[in-house]
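Kindly generate the complete structure, drawing on both the sequences and the hints.
Listed in order, the protein sequences are those of chains A and B. According to our numbering, the first sequence holds residues 1 to 396 in order. According to our numbering, the second sequence holds residues 1 to 220 in order.
Hints in this document: simulated from the structure, not taken from any laboratory. We put the beta carbon where it would ideally sit given N, CA and C, even for glycine. Just to be clear, a hint being listed does not mean it is correct.
Said to hold, decoys possible - To give a feel for the contact side, a few chain A residues facing chain B, derived at Cβ under 7 Å:
#1 R3
#2 K4
#3 N7
#4 Y11
#5 R18
#6 L289
#7 T292
#8 F293
#9 G294
#10 F295
#11 S296
#12 D299
#13 D386
#14 P387
#15 E388
To be verified - Straight-line C-alpha distance at most 25 Å; calculated BS3-like pairs for lysine-lysine:
#16 A:K4 x B:K122
#17 B:K193 x B:K122
#18 A:K133 x A:K90
#19 B:K159 x A:K4
#20 A:K155 x A:K133
#21 A:K67 x A:K199
Listed below, chain by chain, are the residues.
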Amino acid sequence: MLRKHRNLLDYSFDCLRRYRMRTAVILVTFLVATTMISAVLFAKEGLEREAEFSVEAAPDLTVQYLKGGRVEPINTSYIDIIAGIPGVEKVLKRTWGYAGIGAYTFVVVGLDPEGLDHSRGVITSLEEGRFLKPEDEGTGNIVIGKLIAYMLKVKVGDDIILLSESVEANKFHVVGVFSDSSSIYTADLILMSFSDANKFFSMPEGMVTDLCVYVDPAEDPASVASKMNSVSNIRVLDQDLLLRGYKAAYGARGGIFTTLWTILLVAIAMIAFSQAIVVGHESKFEVGLLKTFGFSTLDIIEVRLVESLVLGFFAASLGMLIGYFYTAFFNAPGLVDILLGWAYLPREFRLPVYVSLQSVFSIYAVTVIPLLITTVVPAWLNAITDPELAMRRAAA
Amino acid sequence: MIEVKNLTKIFNRGKFNETAALVDVSLKVRDRSIVALTGPSGCGKTTLLSMMGLILTPTSGEILYDGESVLRASDYWRTQFRRQNFGFIFQHINLLPQYTTLENVLLPLYSSDLAPGEYEGKAREWFSRLGIADRADHLVEQLSGGEQQRAAFVRALIKDPMYIFADEPTVFVDEETSRLIYGIFSSLRDSGKTIVLSTHDPELMKLADEVFRFSKGRLC
Numbered sequence: 001m002l003r004k005h006r007n008l009l010d011y012s013f014d015c016l017r018r019y020r021m022r023t024a025v026i027l028v029t030f031l032v033a034t035t036m037i038s039a040v041l042f043a044k045e046g047l048e049r050e051a052e053f054s055v056e057a058a059p060d061l062t063v064q065y066l067k068g069g070r071v072e073p074i075n076t077s078y079i080d081i082i083a084g085i086p087g088v089e090k091v092l093k094r095t096w097g098y099a100g101i102g103a104y105t106f107v108v109v110g111l112d113p114e115g116l117d118h119s120r121g122v123i124t125s126l127e128e129g130r131f132l133k134p135e136d137e138g139t140g141n142i143v144i145g146k147l148i149a150y151m152l153k154v155k156v157g158d159d160i161i162l163l164s165e166s167v168e169a170n171k172f173h174v175v176g177v178f179s180d181s182s183s184i185y186t187a188d189l190i191l192m193s194f195s196d197a198n199k200f201f202s203m204p205e206g207m208v209t210d211l212c213v214y215v216d217p218a219e220d221p222a223s224v225a226s227k228m229n230s231v232s233n234i235r236v237l238d239q240d241l242l243l244r245g246y247k248a249a250y251g252a253r254g255g256i257f258t259t260l261w262t263i264l265l266v267a268i269a270m271i272a273f274s275q276a277i278v279v280g281h282e283s284k285f286e287v288g289l290l291k292t293f294g295f296s297t298l299d300i301i302e303v304r305l306v307e308s309l310v311l312g313f314f315a316a317s318l319g320m321l322i323g324y325f326y327t328a329f330f331n332a333p334g335l336v337d338i339l340l341g342w343a344y345l346p347r348e349f350r351l352p353v354y355v356s357l358q359s360v361f362s363i364y365a366v367t368v369i370p371l372l373i374t375t376v377v378p379a380w381l382n383a384i385t386d387p388e389l390a391m392r393r394a395a396a
Numbered sequence: 001m002i003e004v005k006n007l008t009k010i011f012n013r014g015k016f017n018e019t020a021a022l023v024d025v026s027l028k029v030r031d032r033s034i035v036a037l038t039g040p041s042g043c044g045k046t047t048l049l050s051m052m053g054l055i056l057t058p059t060s061g062e063i064l065y066d067g068e069s070v071l072r073a074s075d076y077w078r079t080q081f082r083r084q085n086f087g088f089i090f091q092h093i094n095l096l097p098q099y100t101t102l103e104n105v106l107l108p109l110y111s112s113d114l115a116p117g118e119y120e121g122k123a124r125e126w127f128s129r130l131g132i133a134d135r136a137d138h139l140v141e142q143l144s145g146g147e148q149q150r151a152a153f154v155r156a157l158i159k160d161p162m163y164i165f166a167d168e169p170t171v172f173v174d175e176e177t178s179r180l181i182y183g184i185f186s187s188l189r190d191s192g193k194t195i196v197l198s199t200h201d202p203e204l205m206k207l208a209d210e211v212f213r214f215s216k217g218r219l220c
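This is how it looks when you write it as structure tokens:
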């Protein structure tokens, strides 16, 4: 009995070798489809993980001031009002904005000195140097993202010049460089003391960009946020909302994602077509002949199943491998501009890549299963037809 | 013994192109004999051979092997029966073009517990007997019609079947090979095989123990 299955296995592999055109068509189509889909999926998952990481680094609640429905700087007098709301542990002020160096734009954030030693909500993982301390207030010391260090070719101990709001040259001193583990959040980040940021952005006295609210760990941030509804002219953003926003940013880029899925489906349809029409007659004749020799319907299905599984798994695995290399090592040319996040990120930014078991199984499922169906079902239909008729029809 | 009782085959039944290929045919084929089916083209010889070989289902009637009706058996049983007992030589040869002559011949062994490789020697012996030893490793599309016919002959015999169904087995071969085939059929019968063939070849008919003549799907 085992001998027979070995024979059938040999025959299946033989078919893959002999029906070169059929094998090549399926292999190339699946390779292209799975490469594209895996590149997008792995990059999308990488970006989503980065978004989650960024949100973990965000305060529990962010309070912004609204005037006429638009966000404007908020008065620090709100700190006491919000700090008085039950469940609020700490309120920190934050000033942030954008600064350009040449063609590049970076995010500049000034942190409340009181919050520098706060254990939650601040990314402090550094590749080199040190994080900001309360003593850095007003000194021009900064911590920069790894991407900025790479692009400007600066390291700890170097100075960089940033043009302020009033087009004045401001010299800053690099004391630390963020590590890769905080990639997308810190890539284009310049972190400085609060007073340096306020001065840099010429922020009016007593005004800040927004307030960072930390909730008592025993409290639910959403219920604390709901208690802030009574405070007029403010908008409260919680981590879920931020995460949804980040993911929506990728979702908006999902057009290409949808397009690629469509391409994949079209590819599968093409294969189904080629299976049914192009190789159908050849296949029909072969099945009829094999049945004449004593191959049972199950033998025929076994042969086709092995053929499809080997081909499908090989093509999908190779496609995923190419997709991974295309994204992780070549930074997905053609995709990177479409997929990248909410703020400006230069091409030098390395696309985060994450391969989850779920996406690997999804890719196998959308590639191998349709192939199995499009090969096994016609083979089964042929196999249950009288062999003589199957051969006659194939020859007709 | 093979018994065919009131066998009828109608193609495209109920459609505008309905064709009665075989009508109410009854005959018996004794074991260890050569039976020839003859008649003009389209008279139903191939259809009868296919039905006796269990590769075409009749519209009505019965086929018995050693007194046992085989048409009521499952597809799996009939497949097994075919695998163990039948060898086919088709009118259109039916070799797979992607395979060499030797590979085509060994193909029927893949559905069994036999090791195809172990039958290579036997296949090559047959090739030598039939004069195509030098063509064993060529793709079949590189063979002439006659050579292909001889390869198909070897394929039918490779598993040493009890029943051989041959549809016009000498139609593509030269006189010398025809004579060789007559001799082989004769020795197969002597060794206990039953051969049912359709033919227009008068020499083959002379060799047959019994000849059934057909016309328009009916036994004359």
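Legend entry - Hints violated by the structure (listed by number, smallest first): none
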